[in-house]
Structures are given as C-alpha cells and as structure tokens.
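Please put together the full structure from these sequences, using the hints given.
Number of protein chains: 2
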Amino acid sequence: MAFLNVKSVEEVYKVINSFKVNPGEQIVDIVDAVGKTLAEDIYSPYDLPQFNRSAVDGYAVRWEDVSGASESLPSLLEVIERLEMGTAPTNELKPGSCVEVPTGGMLPKNADSVVMVEYTENFSDHEVGIHKSVASGENVIIKGEDIKKGEVIMNKGDQVLPESINLLSSLGVTKVSIVKPVRVGIISTGDELVETGEEWCLGEIPNSNGPGLMAACKLWGGIPEYYGIVKDQFNDVKSTLKKAVNECEIVLLTGGTSVGKKDYVAEAIESIGTPGVLIHGIALKPGKPTIIGQIDNTPVFGLSGNPVSAMLCFKLFVRPLLNNYTEEKTLIGYLNQNIPSAGGRQDYVPVKVNQVKDKIEVKPLFAKSNSIGVLTKMDGYIIVPIHSEGLAKGEKVKIYLKERG
Amino acid sequence: MAFLNVKSVEEVYKVINSFKVNPGEQIVDIVDAVGKTLAEDIYSPYDLPQFNRSAVDGYAVRWEDVSGASESLPSLLEVIERLEMGTAPTNELKPGSCVEVPTGGMLPKNADSVVMVEYTENFSDHEVGIHKSVASGENVIIKGEDIKKGEVIMNKGDQVLPESINLLSSLGVTKVSIVKPVRVGIISTGDELVETGEEWCLGEIPNSNGPGLMAACKLWGGIPEYYGIVKDQFNDVKSTLKKAVNECEIVLLTGGTSVGKKDYVAEAIESIGTPGVLIHGIALKPGKPTIIGQIDNTPVFGLSGNPVSAMLCFKLFVRPLLNNYTEEKTLIGYLNQNIPSAGGRQDYVPVKVNQVKDKIEVKPLFAKSNSIGVLTKMDGYIIVPIHSEGLAKGEKVKIYLKERG
Numbered sequence: 000m001a002f003l004n005v006k007s008v009e010e011v012y013k014v015i016n017s018f019k020v021n022p023g024e025q026i027v028d029i030v031d032a033v034g035k036t037l038a039e040d041i042y043s044p045y046d047l048p049q050f051n052r053s054a055v056d057g058y059a060v061r062w063e064d065v066s067g068a069s070e071s072l073p074s075l076l077e078v079i080e081r082l083e084m085g086t087a088p089t090n091e092l093k094p095g096s097c098v099e100v101p102t103g104g105m106l107p108k109n110a111d112s113v114v115m116v117e118y119t120e121n122f123s124d125h126e127v128g129i130h131k132s133v134a135s136g137e138n139v140i141i142k143g144e145d146i147k148k149g150e151v152i153m154n155k156g157d158q159v160l161p162e163s164i165n166l167l168s169s170l171g172v173t174k175v176s177i178v179k180p181v182r183v184g185i186i187s188t189g190d191e192l193v194e195t196g197e198e199w200c201l202g203e204i205p206n207s208n209g210p211g212l213m214a215a216c217k218l219w220g221g222i223p224e225y226y227g228i229v230k231d232q233f234n235d236v237k238s239t240l241k242k243a244v245n246e247c248e249i250v251l252l253t254g255g256t257s258v259g260k261k262d263y264v265a266e267a268i269e270s271i272g273t274p275g276v277l278i279h280g281i282a283l284k285p286g287k288p289t290i291i292g293q294i295d296n297t298p299v300f301g302l303s304g305n306p307v308s309a310m311l312c313f314k315l316f317v318r319p320l321l322n323n324y325t326e327e328k329t330l331i332g333y334l335n336q337n338i339p340s341a342g343g344r345q346d347y348v349p350v351k352v353n354q355v356k357d358k359i360e361v362k363p364l365f366a367k368s369n370s371i372g373v374l375t376k377m378d379g380y381i382i383v384p385i386h387s388e389g390l391a392k393g394e395k396v397k398i399y400l401k402e403r404g
Numbered sequence: 000m001a002f003l004n005v006k007s008v009e010e011v012y013k014v015i016n017s018f019k020v021n022p023g024e025q026i027v028d029i030v031d032a033v034g035k036t037l038a039e040d041i042y043s044p045y046d047l048p049q050f051n052r053s054a055v056d057g058y059a060v061r062w063e064d065v066s067g068a069s070e071s072l073p074s075l076l077e078v079i080e081r082l083e084m085g086t087a088p089t090n091e092l093k094p095g096s097c098v099e100v101p102t103g104g105m106l107p108k109n110a111d112s113v114v115m116v117e118y119t120e121n122f123s124d125h126e127v128g129i130h131k132s133v134a135s136g137e138n139v140i141i142k143g144e145d146i147k148k149g150e151v152i153m154n155k156g157d158q159v160l161p162e163s164i165n166l167l168s169s170l171g172v173t174k175v176s177i178v179k180p181v182r183v184g185i186i187s188t189g190d191e192l193v194e195t196g197e198e199w200c201l202g203e204i205p206n207s208n209g210p211g212l213m214a215a216c217k218l219w220g221g222i223p224e225y226y227g228i229v230k231d232q233f234n235d236v237k238s239t240l241k242k243a244v245n246e247c248e249i250v251l252l253t254g255g256t257s258v259g260k261k262d263y264v265a266e267a268i269e270s271i272g273t274p275g276v277l278i279h280g281i282a283l284k285p286g287k288p289t290i291i292g293q294i295d296n297t298p299v300f301g302l303s304g305n306p307v308s309a310m311l312c313f314k315l316f317v318r319p320l321l322n323n324y325t326e327e328k329t330l331i332g333y334l335n336q337n338i339p340s341a342g343g344r345q346d347y348v349p350v351k352v353n354q355v356k357d358k359i360e361v362k363p364l365f366a367k368s369n370s371i372g373v374l375t376k377m378d379g380y381i382i383v384p385i386h387s388e389g390l391a392k393g394e395k396v397k398i399y400l401k402e403r404g
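So the sequences go chain by chain: E and U. Each residue of the first sequence is one higher than the one before, starting from 0 at the first, in numbering that gives the first Met the number 0. Each residue of the second sequence is one higher than the one before, starting from 0 at the first, in numbering that gives the first Met the number 0.
Incorrect hints may have been included.
As the list claims (entries may be wrong) - When the alpha-carbon atoms are kept at most 20 Å apart in a straight line, the in silico EDC-like pairs for lysine to aspartate or glutamate are as follows:
| id | chain 1 | residue 1 | chain 2 | residue 2 |
| --- | --- | --- | --- | --- |
| 1 | U | K108 | E | E150 |
| 2 | U | K397 | E | D357 |
| 3 | U | K147 | E | E203 |
| 4 | U | K395 | E | E360 |
| 5 | U | K174 | E | E360 |
| 6 | U | K376 | E | D40 |
| 7 | U | K395 | E | D357 |
| 8 | U | K356 | E | E394 |
| 9 | U | K284 | E | E137 |
| 10 | U | K174 | E | E194 |
| 11 | U | K174 | E | E197 |
| 12 | E | K376 | U | E194 |
| 13 | U | K261 | E | E80 |
| 14 | U | K376 | E | D46 |
| 15 | E | K174 | U | E194 |
If you're looking for bench data, these hints aren't it; they were derived computationally from the structure. Predicted model, so just to flag it, every value in this text is computed and none were measured.
Okay, here's the thing in structure tokens:
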C-alpha cells in the first residue's frame with residue numbers, strides 16, 4: 000500500500016506563491032470595474048478641487064475687508080457679481096467688493112475667504128452688510144487640497160470600490176484597465192457521482208463539489224468552466240484534464256486524490272506535462288489527500304472528494320490565485336472549551352463566533368470530516384498548529400471568518 | 000431663509016424600516032444563486048447521508064465478530080462481497096462475514112463498524128484477517144447524522160454562500176427561489192455637473208455621484224438605472240423623478256437637497272404623490288441636508304451633492320433596502336487620539352484601523368466634508384454619538400468597516 004509524502008501548509012504556500020496566473024488585462028467602463036482588481040497605477044490628471052471652491056453658500060471676500068465686522072457694526076461691501084453654479088466668476092475682487100457664491104462655487108481672483116450667508120444682509124442688489132469677520136481661508140477648499148495633480152490615487156492590484164468610482168469620475172477618468180477574471184476548469188471524478196438533478200440509485204450520490212466550486216469561483220471573481228463528472232478510469236481522467244488545461248488558467252479536480260487503486264488524478268497529472276505533481280498530501284485536517292501540480296504554466300489542484308475538505312482547500316490554496324483576492328478577514332477571540340488535536344498536522348476547526356461586549360467567544364463545532372451541514376452552520380475556522388496537541392479553554396485564537404459575497 | 004427640521008438617525012431608521020421594497024422573486028439554478036438572498040425556507044428532502052456510509056477504506060463488520068482481534072491473534076472473516084463505489088451491497092452480513100467497502104461506500108445490512116484496511120490482511124479472495132477490534136459504530140457515518148429529512152437547512156432571507164450550494168446539490172436541489180435584485184433609479188441634479196468623459200469648463204465639475212452610486216448599487220446587489228444629469232429647474236427635476244418612480248423600486252437623487260433657491264428636490268417629491276417628504280434634514284455629519292420621502296410605495300432619497308455625504312447616506316439608509324444586505328461588519332477598537340465634536344448631531348468620522356497584537360488601534364482621518372480623497376483612504380467609520388462633545392484618546396469605539404465586494 001502506498002503512502003502520502005505529506006508537506007506542511009507553509010511548504011504548500013511556497014508552491015502556491017510560485018504560481019504565475021496571468022489571465023491578461025482588459026479595459027472597462029469605470030462602473031463595470033467595481034469589485035475588480037486594477038491592472039494599472041492611476042495618477043491624478045488634475046488637482047482636486049481644480050479651483051478654489053466655497054464650502055458654503057455666502058459671499059467671497061478679502062478677509063481684511065471684513066475684519067472687525069459685527070452685528071452692530073457691519074462692513075458694507077459692493078456685490079460685483081452673483082455667481083451661478085457651473086460658471087466661473089468674470090470679475091476679480093478689488094478692495095471693498097465681494098462676489099456671491101453658492102456651495103461648491105468657484106472663488107473669484109483675490110478672494111481668500113467666504114462669509115456664510117447667515118451672517119450677511121442684502122441692502123440692495125449691489126450692496127451687502129457683513130455681520131461677522133472671517134479668518135483668511137475660512138470656508139474655502141483650496142485648489143489641490145484634496146488630491147494633487149500627479150499623485151498616485153489608486154495602485155495596481157487595488158480592488159475597485161464604489162468610492163473609487165466617485166474619485167475616478169470626479170477626475171474625468173471614464174475607463175480603467177482591470178485584471179481579467181481567471182478561467183477555472185472544474186472536473187468532478189467518482190464512480191458514485193451523478194449530476195445534481197438526475198435520479199440516483201442507492202449507493203450513488205449527487206455531485207456536490209462541482210456546483211459548490213463553480214459557485215465559489217463565481218463569487219470570488221473567477222469564471223468557472225465545468226467539465227462534468229468523469230468516471231474513475233485513467234484514460235477518461237487524463238483526456239478531460241488535458242482539455243481543461245488547454246482551455247483554462249487553473250484546473251481543479253475533485254475525488255481520486257488518495258493512493259487507492261482507483262485514484263488516478265496524480266497519475267493523470269504526471270502523464271500530461273511537466274513539472275507534474277509537486278505536492279501529494281498536506282499536513283492538514285481536513286485536506287490531507289490533496290494534490291497540487293503544474294502542467295506547463297497551469298496550476299492543477301486535486302481536491303479531496305470530501306466537500307468540507309474541498310471547499311477549505313479551495314479557500315486556502317485556490318482563492319489566492321483568483322484576481323480580486325483580498326486578505327482574509329480575521330478576528331482575535333477566546334476559546335470557550337478545550338480542543339484536542341492529534342499533532343503532526345494543522346487542524347482547521349470550524350467554529351461559531353459570538354462577541355460578548357468586546358470579548359469574542361469562540362465555540363468549536365465538532366463534526367465528522369465529511370459533514371456538509373457544518374459548512375453552513377459555522378462562522379469561520381480556527382487553526383490548531385501542526386506541533387500542538389490541542390488548545391485549552393480560554394486560549395487566544397485567530398478566527399478566519401467565512402467570507403460573504 | 001428656510002431651515003431644516005432635523006431628525007435623529009434613530010428617527011430616520013424608523014422610517015427606513017417602515018419601507019416595503021418588494022422586487023419579487025425568481026427561480027434560478029443554484030450556482031446562479033450564489034451571493035443572492037433566498038426567498039424561501041428550504042427543507043431537506045432526505046436524510047444526509049442517505050445510507051450508513053463508511054468513513055474509511057476497509058471492511059464493514061459486525062463489531063462482535065472482531066472483538067479481541069489483534070496482530071498476533073487476528074479474527075478471520077469471510078469476504079462475501081467487494082463493493083465498488085456507486086453501488087449498493089447485494090448481501091447482508093451474517094456472523095463471521097464482512098464486506099470490503101471504499102471510503103463513502105454504503106454499508107451492508109447488519110454491519111455496524113468498519114475496520115480500516117491498514118489493520119487487515121487479505122488471506123485469499125474470500126478471506127481476510129482483522130488485526131484490530133473496533134467499537135460499535137466506529138468509522139461509520141450513520142444515515143441522517145449530518146442532516147435529518149425535513150430539517151430546515153436554509154432560511155428565507157439567508158445569503159446563499161458557496162457552501163450552501165454544496166449542501167443543496169448534495170440533496171438533489173437544482174433550483175431555488177431568490178429575491179430579485181432591486182431596480183434603483185439614479186438622478187444627478189446640478190447646473191455645475193457635466194457627464195464624466197465630456198469636456199468641462201472652469202467652474203463646472205464632472206458628475207461623480209452618478210457613477211459612484213451606480214457602482215454601489217451594482218456591487219451590493221441592486222440594478223442601477225441611470226437617468227442622467229438634470230439641471231436645477233423644477234420641471235426637469237419633477238418629470239425625471241416621475242419617470243424614475245414609475246420604473247424603479249427605489250429612486251435616488253443627488254444635489255438640490257438643501258433649502259436654497261435652486262434646491263427643487265423636496266418640492267418635486269411633494270408634487271408627484273403622497274406621502275411625499277418624510278424627512279428633510281438629519282442630525283448627521285456628513286449628511287445633514289438629506290431628504291427621505293415616499294411616492295406611493297416607492298422610497299425616494301434626496302442625497303447631498305457632496306460625495307462623502309452621498310456615499311455614507313447610501314450605505315446607512317439605502318443599502319439596507321437592497322436584497323443581499325448582510326449586517327455591517329464591525330470591530331471594537333481604541334482611539335489613538337482625541338476627536339472633538341460639536342454635539343447635537345451624530346458625527347461619522349472616517350478612520351484607519353491597525354491591529355497591534357490583539358488590540359485594534361483607531362486613527363481618525365480629519366478632512367473637510369467634501370473630500371473625495373478620504374473615501375479611498377479610510378478603512379471605515381466610527382460614530383461620535385449625538386449628545387457627545389467628542390471622544391478621548393484611548394476610548395473604546397465600534398468601527399464600521401468599509402465593506403469590500
């Protein structure tokens with residue numbers, strides 16, 4: 000009987016990090032870029048604001064003209080212009096004059112401050128009384144105060160958020176280059192599997208990893224390409240894998256990853272190209288019988304048929320290779336009971352999380368490794384390290400949250 | 000000069016919670032349901048597993064037949080069947096017999112345990128030596144152990160995650176009913192606005208809230224319907240609003256929400272239908288000049304033209320009405336400096352967050368209220384409560400994380 004040559008999770012990440020998945024770039028309208036990964040640095044083409052703007056409705060003044068103004072002794076100024084939104088002032092301020100400006104409106108030349116309309120009184124169309132003095136620069140947003148021309152406003156690799164779209168459009172940017180979604184081939188293997196929706200006999204089960212992995216790819220920015228269920232026959236596994244490797248940037252297989260007599264995934268990967276199988280067996284629970292290989296430049300993952308294991312290994316090892324990957328959300332919490340562990344492998348234990356005041360309580364969900372139910376009941380995972388024989392009640396742990404869409 | 004009759008954020012949420020947005024339901028393939036909101040409770044049509052399954056490769060036995068078995072004194076059993084995956088056993092166990100089963104394979108009648116293949120030795124095609132005793136139930140997943148027939152496995156209102164798809168497909172469920180995306184009408188108002196991508200003159204600015212709000216709707220599960228830029232003319236605002244109310248389930252306007260002479264949004268809402276304007280002014284910074292109204296059954300939001308305010312109010316008040324709304328992600332952290340506040344209004348202060356060991360440090364980003372740059376620099380908001388005059392360095396605060404896609 001063959002045995003797996005088990006690698007640590009750290010060793011696995013070294014391999015994952017060496018993979019270069021390059022789906023290319025595409026230029027899209029900014030609104031369609033939301034949620035995607037930027038493929039270029041973006042520099043501001045302008046100062047923002049582009050001109051000195053008023054932060055309030057009021058009168059643009061030279062501050063020294065209203066110095067000492069008060070309710071009982073207002074300063075009288077000549078109104079040389081009443082500015083409408085969307086227009087630029089045509090006059091510049093001379094001593095003793097002012098321009099009425101709306102919020103966001105452009106200040107005339109020589110104006111350094113704006114008096115809020117609440118502190119003014121119109122004496123005539125051309126004359127206003129100012130009841131309050133202002134500091135130089137008061138109620139003014141200076142040209143370039145928010146963003147400077149030439150400043151890097153977004154970086155290659157950033158995820159584009161709705162707020163980014165406000166910024167881009169305010170600078171007149173209408174299109175950006177984003178990283179194309181990665182095409183992920185998905186092959187389910189197993190004599191016991193039938194397609195979901197078809198009738199099944201006793202002893203058979205509907206394929207759950209195929210649809211689950213397609214959904215995961217879709218939610219996390221990839222394009223799933225489903226190659227159906229392949230029976231546990233070497234030639235069938237090999238020919239389907241070959242087709243998928245030609246058409247996709249990453250290929251996933253599920254099932255057939257152990258070392259039993261009908262486990263053909265490792266052999267199929269080896270038979271198609273080099274370097275072939277890089278890892279067969281991970282010191283990880285669930286997830287031990289996982290294969291990671293490479294055929295030419297295409298990463299190939301043999302995930303276990305066990306759905307808990309397959310979905311965990313997808314998140315740990317495949318998701319980082321999809322475009323819009325963002326760091327995992329983690330929290331620090333405290334265990335509410337002991338967790339035993341065998342040692343010699345990294346245990347991923349599903350947990351429920353509960354914040355009580357500012358203390359986060361962590362409750363492990365114990366279940367047999369192929370429980371599908373626990374997948375929907377848990378809030379996240381905690382990790383029992385490889386050389387630990389368990390964690391004690393009250394111990395501080397990092398929670399890897401099950402991420403929502 | 001008119002003044003706003005300002006309401007507290009709590010009063011605003013009472014109004015928001017009274018809105019009924021009903022975009023209807025639609026039946027979709029399970030993979031297309033990922034990230035969407037379930038419109039029905041789902042009951043398990045079967046036990047899961049549907050039959051007693053082996054958790055390992057090995058021999059299904061009656062535990063009493065191998066009681067006391069050891070390496071030096073193995074129990075000898077007759078192999079009456081060697082089961083292939085995807086088939087059901089055709090024989091039942093009689094005393095002294097066993098069936099070879101693969102991982103996940105169905106147990107024959109009368110078998111209560113499985114001995115791992117590692118602890119067995121094939122003497123002939125029909126005879127195996129068992130080197131280890133097992134407890135009753137060992138290495139067996141009992142029918143219904145994971146999920147019971149009739150159990151509610153997902154609830155109406157749940158967000159569908161990839162793991163949910165594994166569960167649904169393993170139960171043979173191929174389609175589910177989800178809540179349709181909400182159609183959100185977006186109208187930008189302002190004489191100073193030009194469409195992003197068009198040339199603009201000094202004093203004009205490109206429309207940033209239109210694209211920003213479209214992106215936010217899109218990212219968070221709605222369907223944006225853009226009605227373009229409307230000049231600050233009562234009849235234009237009214238006719239465009241009327242069209243949008245007829246075509247969408249929610250309508251957003253930006254700009255023209257204050258009480259200046261060219262602010263027509265409130266008047267337009269009042270002129271079209273009842274109950275009209277429900278709130279005009281919120282004790283919130285940024286976001287004071289916000290209008291919330293209702294025309295027949297359609298919620299209408301007049302958001303400020305200030306992008307920081309518009310995007311914050313979208314998240315606070317509009318996003319909860321979109322389908323796939325999940326609770327906001329929050330963290331508890333500690334301020335690294337004082338934050339002053341005027342009192343009498345709820346201040347939303349943009350912050351950067353930094354976890355140092357298990358303590359979360361919160362650094363406020365001070366910026367003028369219409370800084371677009373801060374939108375992309377912050378990690379989230381903290382709230383200075385309405386009756387507070389500020390928060391002190393070291394104080395414990397709740398952080399509302401800027402949510403990613």
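Mind listing which of the numbered hints don't hold for this structure, in increasing order?
1, 5, 12
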